[in-house]
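Undergrad: Take these sequences, add in the hints, and give me the full structure.
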Amino acid sequence: MFLKNVWYIAAWSEEVPVTGIFKRKLLGEDVVFFRQTDGNIVGMADYCPHRYLPLSLGRHEGDNIRCMYHGLVFDGKGKCVEAPFSDTPPKKVCAKVYPTVEQDRFVWIWMGDDSKADPDLIPSLKVMNDKSWHYIPRHLVYKCHVQLLMDNLLDASHLAFVHASTIGGGDYHAKQIPELETFDWGVRVTKKFENVPLPPFVKKVARFEGNTDRWQIFDWHIDGYQLILNSGQAPTGTGALEGNYVDEAFHFHSVQTLTPESENSTHYFFMFAHSFTDEQDRIAKEIDAQFAIVLEEDKVILEAQQAKLEEYPNHKMAGIKSDLAVSKARMLLEERMQKEAGENED
Amino acid sequence: MFLKNVWYIAAWSEEVPVTGIFKRKLLGEDVVFFRQTDGNIVGMADYCPHRYLPLSLGRHEGDNIRCMYHGLVFDGKGKCVEAPFSDTPPKKVCAKVYPTVEQDRFVWIWMGDDSKADPDLIPSLKVMNDKSWHYIPRHLVYKCHVQLLMDNLLDASHLAFVHASTIGGGDYHAKQIPELETFDWGVRVTKKFENVPLPPFVKKVARFEGNTDRWQIFDWHIDGYQLILNSGQAPTGTGALEGNYVDEAFHFHSVQTLTPESENSTHYFFMFAHSFTDEQDRIAKEIDAQFAIVLEEDKVILEAQQAKLEEYPNHKMAGIKSDLAVSKARMLLEERMQKEAGENED
Amino acid sequence: MFLKNVWYIAAWSEEVPVTGIFKRKLLGEDVVFFRQTDGNIVGMADYCPHRYLPLSLGRHEGDNIRCMYHGLVFDGKGKCVEAPFSDTPPKKVCAKVYPTVEQDRFVWIWMGDDSKADPDLIPSLKVMNDKSWHYIPRHLVYKCHVQLLMDNLLDASHLAFVHASTIGGGDYHAKQIPELETFDWGVRVTKKFENVPLPPFVKKVARFEGNTDRWQIFDWHIDGYQLILNSGQAPTGTGALEGNYVDEAFHFHSVQTLTPESENSTHYFFMFAHSFTDEQDRIAKEIDAQFAIVLEEDKVILEAQQAKLEEYPNHKMAGIKSDLAVSKARMLLEERMQKEAGENED
Numbered sequence: 001m002f003l004k005n006v007w008y009i010a011a012w013s014e015e016v017p018v019t020g021i022f023k024r025k026l027l028g029e030d031v032v033f034f035r036q037t038d039g040n041i042v043g044m045a046d047y048c049p050h051r052y053l054p055l056s057l058g059r060h061e062g063d064n065i066r067c068m069y070h071g072l073v074f075d076g077k078g079k080c081v082e083a084p085f086s087d088t089p090p091k092k093v094c095a096k097v098y099p100t101v102e103q104d105r106f107v108w109i110w111m112g113d114d115s116k117a118d119p120d121l122i123p124s125l126k127v128m129n130d131k132s133w134h135y136i137p138r139h140l141v142y143k144c145h146v147q148l149l150m151d152n153l154l155d156a157s158h159l160a161f162v163h164a165s166t167i168g169g170g171d172y173h174a175k176q177i178p179e180l181e182t183f184d185w186g187v188r189v190t191k192k193f194e195n196v197p198l199p200p201f202v203k204k205v206a207r208f209e210g211n212t213d214r215w216q217i218f219d220w221h222i223d224g225y226q227l228i229l230n231s232g233q234a235p236t237g238t239g240a241l242e243g244n245y246v247d248e249a250f251h252f253h254s255v256q257t258l259t260p261e262s263e264n265s266t267h268y269f270f271m272f273a274h275s276f277t278d279e280q281d282r283i284a285k286e287i288d289a290q291f292a293i294v295l296e297e298d299k300v301i302l303e304a305q306q307a308k309l310e311e312y313p314n315h316k317m318a319g320i321k322s323d324l325a326v327s328k329a330r331m332l333l334e335e336r337m338q339k340e341a342g343e344n345e346d
Numbered sequence: 001m002f003l004k005n006v007w008y009i010a011a012w013s014e015e016v017p018v019t020g021i022f023k024r025k026l027l028g029e030d031v032v033f034f035r036q037t038d039g040n041i042v043g044m045a046d047y048c049p050h051r052y053l054p055l056s057l058g059r060h061e062g063d064n065i066r067c068m069y070h071g072l073v074f075d076g077k078g079k080c081v082e083a084p085f086s087d088t089p090p091k092k093v094c095a096k097v098y099p100t101v102e103q104d105r106f107v108w109i110w111m112g113d114d115s116k117a118d119p120d121l122i123p124s125l126k127v128m129n130d131k132s133w134h135y136i137p138r139h140l141v142y143k144c145h146v147q148l149l150m151d152n153l154l155d156a157s158h159l160a161f162v163h164a165s166t167i168g169g170g171d172y173h174a175k176q177i178p179e180l181e182t183f184d185w186g187v188r189v190t191k192k193f194e195n196v197p198l199p200p201f202v203k204k205v206a207r208f209e210g211n212t213d214r215w216q217i218f219d220w221h222i223d224g225y226q227l228i229l230n231s232g233q234a235p236t237g238t239g240a241l242e243g244n245y246v247d248e249a250f251h252f253h254s255v256q257t258l259t260p261e262s263e264n265s266t267h268y269f270f271m272f273a274h275s276f277t278d279e280q281d282r283i284a285k286e287i288d289a290q291f292a293i294v295l296e297e298d299k300v301i302l303e304a305q306q307a308k309l310e311e312y313p314n315h316k317m318a319g320i321k322s323d324l325a326v327s328k329a330r331m332l333l334e335e336r337m338q339k340e341a342g343e344n345e346d
Numbered sequence: 001m002f003l004k005n006v007w008y009i010a011a012w013s014e015e016v017p018v019t020g021i022f023k024r025k026l027l028g029e030d031v032v033f034f035r036q037t038d039g040n041i042v043g044m045a046d047y048c049p050h051r052y053l054p055l056s057l058g059r060h061e062g063d064n065i066r067c068m069y070h071g072l073v074f075d076g077k078g079k080c081v082e083a084p085f086s087d088t089p090p091k092k093v094c095a096k097v098y099p100t101v102e103q104d105r106f107v108w109i110w111m112g113d114d115s116k117a118d119p120d121l122i123p124s125l126k127v128m129n130d131k132s133w134h135y136i137p138r139h140l141v142y143k144c145h146v147q148l149l150m151d152n153l154l155d156a157s158h159l160a161f162v163h164a165s166t167i168g169g170g171d172y173h174a175k176q177i178p179e180l181e182t183f184d185w186g187v188r189v190t191k192k193f194e195n196v197p198l199p200p201f202v203k204k205v206a207r208f209e210g211n212t213d214r215w216q217i218f219d220w221h222i223d224g225y226q227l228i229l230n231s232g233q234a235p236t237g238t239g240a241l242e243g244n245y246v247d248e249a250f251h252f253h254s255v256q257t258l259t260p261e262s263e264n265s266t267h268y269f270f271m272f273a274h275s276f277t278d279e280q281d282r283i284a285k286e287i288d289a290q291f292a293i294v295l296e297e298d299k300v301i302l303e304a305q306q307a308k309l310e311e312y313p314n315h316k317m318a319g320i321k322s323d324l325a326v327s328k329a330r331m332l333l334e335e336r337m338q339k340e341a342g343e344n345e346d
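Chains as they are written, first to last, in the working numbering: chain A, 1 to 346; chain B, 1 to 346; chain C, 1 to 346.
Source of the hints: derived by calculation from the structure; they are not laboratory data.
Virtual Cβ for every residue (Gly too), placed ideally from N, Cα, C.
A few of these clues could be false.
[Said to hold, decoys possible] Restricting the straight-line Cα-Cα distance to at most 27 Å, the calculated cross-link-like pairs of lysine-lysine (DSSO-like) are: (1) 321/A x 79/C; (2) 77/C x 4/C; (3) 25/C x 316/A; (4) 92/C x 328/A; (5) 23/B x 316/C; (6) 285/A x 204/A; (7) 316/A x 175/C; (8) 316/B x 91/B; (9) 4/B x 77/B; (10) 91/B x 175/C; (11) 116/B x 25/B; (12) 79/A x 175/B; (13) 25/A x 92/A; (14) 328/A x 91/C.
[To be verified] Partial pick of chain B residues on the chain A-facing surface, computed with a CB cut under 10 Å: (15) 133; (16) 137; (17) 155; (18) 171; (19) 173; (20) 241; (21) 299; (22) 300; (23) 301; (24) 305; (25) 309; (26) 315; (27) 318; (28) 319; (29) 320; (30) 322.
TA: Spelled out as C-alpha cells, the structure:
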C-alpha cells in the first residue's frame, strides 16, 4: 500500500539519456523513459500492447519508440503511428503512457489517476538548482517497504546506535525527544543540541575543534515521501542554533525522497548539499564517500527489519514514547490514503 | 494449459543410452527413460511409489529399474518384481508408466488418458530418416509457455526485426501478410518473395550472388505442436517459387516440435535439413552454428515476453492484422482443448 | 506439523559463546541465545518488539541484550530494563523468551506452551558426560521434514543400498525384518546378524579379521525425536549378541536427535561414541570422518525425497512389510500430536 495520486521522483535528470531507453521499476511496474527530439521525456509502461514484449528491448526512434518483435511504433502519447504490414496503423493498439515532467534536476512521474495529474502540484525544490549549493546526486534501492525508510528518516534517535561511529557520536540523539509541529503538508521535527561532541565523520572534515552546537530540522512532506533537511554544526556558543553562522560553521541542505519500487523495495534519491566556497569539490566528494557508508548502515538495518516483519505478518509493532514524529506522520499518511481510496470509489 | 491426449516428443533417440537412466521434465513431471535388453524404451514417472525417492537416483538393471533407497525393483510395466525382504513382492506397489514409442529418431510419449494412446496416431516424419537429407539434431529449453513459441514460429514477420542481422534481411517479411489455409490437422502458412536481398547468414553459405526468390511454407500440426517447414532460396527468376530448383538453389526441410516442460517452459526439438551432396558436413555444421544464434535471438524475446505476461496476468493481448495465422491456430488448438476437457468429463 | 510441547535440542553447549550472540532457526523461528554472567543461557525470539529489528544484530551486554536500532535493553526474562529516552522503560514492550536449559552438553529449548515447560521432563543422556566414552559432536541441517529423517533412522534396511560401500556391506540389512517392541516412550528396534561380512568402513578400523556378529538396538524416543543407539561388531561366535564383548569387539553408543528447523528442514545432532582405551583420539577422528561421508549419503536421499514429495502433495506413500517400525513410530507420534492439539483447544 502506498499513495498513488502523487508526483513521485522517477530518476535524476541525467539518468535519462538523449538517445536510447532508460528503464526503472516504480510502484511495482517497469517503466521506460526516452527523450523526444525537443528533450521532453516520455514515460511508458514497459510492454508492447500487442504481444507484451518489453519496450525496453525496443528501439528509440526520434520522438517515438519501436517494439522490436513485430515492428509497431508508438509516439509520446502511446499512439501506434506505424505498422509494417499496413498504411493505417491499428488505432486501438495503444501503449500506456504516464504523465512525466522534468523539473529541478528530477524526472517526476504520476502513476495514479491521470485526470488528477496537475504539474502545478509538483513541489518546488529550489536548492536543487541553486549554484551556491554543491552536492553529488545519489540513488539507492533499499529492499524494504517505503514506510520503514520513512520511519527511519523521521526518527534521528537511531543515530546514537546505527550511526554511532559515523554521524552519531553520542547518546544525546536518543535521549532527546524532538519538537514536533504538524502542517497541511506534513510534519516538522526539530532537534537542537548544545555543546555536544563532534560526530566521528564530521571531525574528519571540520574546520573547528572542540564541541559543537548541532541542529537538525526535518520537513517531512507527505507528497512523494519527501524529506527536506536543514542541518549543521558550529563551534559551541557561536549562535548557530539561533541562525547565526560563523565562517567555520557547517550548514547543510538535504533533499531526500522515496519512491516505492515495489511493496518491499524503495528508491532512495539522496543529496546532501553544502555551500563551502573553498575546496568545494574535495569536500563534496568526501561527504559523499561518508554518506555511502552511512546509507549502507541504514540499509542493513532496514532490510533486516523488512525480512523480520515478513516472518511475522500478523504481529503489531509496540509503540514507545520516542515514536512521536513517526506516529504522527504515519497517521497523516493513513488519512491521505483513506481519502484517496474514497476518491477511487467515486 | 496444454493438450494432454497427444503424442509428444520426449527426446531424440540418441539421448536415451543403452545402459543407464535418462531424465527429463515433461508436462510438469519428471520422467525417467531406460532401455530394456531388446532396446525398447520404458518411460516412468520419476518416483518410487514406496517412499518417493526419485527413480533417477536408482539403478538400471537389465529390463528393470531398482530404487536405491530400500531396493524395490520395477519392470517395464511398473510392476514390483523384487523386494529384498520377501519372496513375494508387494503387488499393490506400482510405478507409474507412460506409453512410450521410438520412431523417426524421436522418443514419443503419451501422458494423457492411457486408454487413448494409439501408436498409429504418431505422425510419420519421413524426412527424419531420409539419408539424402542432412541435419544435426538440436534440443533447447525456452523459459516460456509453449503457446508463445508456437506464436513465434507461425508468424515469420518477426524475421524483419528479431532476426534482421541473421536470417531476416529486409522489412519484406513484415510487409507481406501470408497466405493461410486451414486443414483438419492444422494450418498452412505460405510466404513467397520475389527478387529480394539474401539474408546476411545465407549470404555466407550461398552458391549464388545477387537477389533471391525466397519461399517459406509452414505446416503447423496441432498434434504435438509440430511445425514442418519447407523453405529455401534460389537465384531470382529461376523458377523456384513454382517448384523448379536449379543446382545453385537452397532447399530446406525443417521439423520443429514443441513439448511443454511446464506451464512456463518448453522443450524445442529442432532440425534443419539440406540435401547438398557436396561438402555436406561442412555446410550442415555452418548452418547449425548459424541457427544456434538465430534460436538464441528468439529465446531472448520469448523469455522476456513470458516474464512480462506473468506481471500482467489479467491483461489481454491486442490483436493486429498480421496475427491471422496465429489467431487461427490458437482457435483450432482451443477447440481441441475444449474437446479434450469434455472427454475427460465423460 | 511437528510436536510443540517437548524439549528440543537447540545446540551443542559449546555453540553458545560466553560473550556474544548465537542465532539458530528452530521450529520455523529464529532464536538468539546468549549467556548471562552466571553462565545461564537465555533463548529469545530474534526480534525487538518495538520495530522488529533482529536482536541478532543487537549487542550482548552482561545479563541483557540491547537492540541496536533505538537502544532498548531486554533482560533474561524479556523485560525492557533500559530505554535511552526515559528513566522508566516501557513496561509493555517485552521480548519473547523461551524456556532454555543447559544439560548433558546440549542446550534444550521449549517452544510450546510455557506453562508445561517442566525441566524434569528433559531426558537424561548419561553417556554424553561419561568420560569413558569418546565422541566428536556433530551438527548438520538436512533440507527435509523431520519425519523423513526419523523414517530413515528407524529403518536400517537402507544400509544395504544407500550405504552399500560404507557401513552397509551386504543385503542382509534389507532381508531381515527387525524385532519391534513398543513402550510408553517410543519403540525399540533390534537387529542382530550372525557371521556376516564386515562393512567396508569398519574393515578400515577393525581390530579383527574375518566375519562379524553385528547388532543394532535402536531406542526411539518420541520426545525430541531422539534415537539412542547401541550397536557394534565382534568376531563371529565370541558371544557379543548375548552381551559378552571380547577385547577386539567394537561397541558403540550413539545419540542422534532431530529438531525441526522448519517444515522442510531439520537439525540433526549426532554423536557416535566408542570406549576404546588405546588410540582413542585417532580412532574417534577416523570414525568421525567416516560418518561425514555416511551422513552425506543420507542427505542426498532425504533431500531428493523431500523435493519429490513436494511435487506430489496429494499422493500417499505405499506401505511395505519392512515399514513395520516406521509405521508404529509414526502412529505413536500421531497420537501425541493429536493429544497436543486437543490440549491446545482446552
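Undergrad: It remains to establish, for every hint, whether it holds in the given structure.
TA: Do the hints match the structure? See the list:
no. : hint          : result
1   : 321/A x 79/C  : holds, 17 Å
2   : 77/C x 4/C    : holds, 21 Å
3   : 25/C x 316/A  : holds, 21 Å
4   : 92/C x 328/A  : holds, 21 Å
5   : 23/B x 316/C  : holds, 23 Å
6   : 285/A x 204/A : holds, 13 Å
7   : 316/A x 175/C : violated, 57 Å
8   : 316/B x 91/B  : violated, 51 Å
9   : 4/B x 77/B    : holds, 21 Å
10  : 91/B x 175/C  : holds, 18 Å
11  : 116/B x 25/B  : holds, 22 Å
12  : 79/A x 175/B  : holds, 20 Å
13  : 25/A x 92/A   : holds, 26 Å
14  : 328/A x 91/C  : holds, 22 Å
15  : 133           : violated, 31 Å
16  : 137           : violated, 28 Å
17  : 155           : holds, 7 Å
18  : 171           : holds, 6 Å
19  : 173           : holds, 9 Å
20  : 241           : violated, 21 Å
21  : 299           : violated, 12 Å
22  : 300           : holds, 7 Å
23  : 301           : holds, 6 Å
24  : 305           : holds, 5 Å
25  : 309           : holds, 5 Å
26  : 315           : holds, 7 Å
27  : 318           : holds, 4 Å
28  : 319           : holds, 8 Å
29  : 320           : holds, 5 Å
30  : 322           : holds, 5 Å
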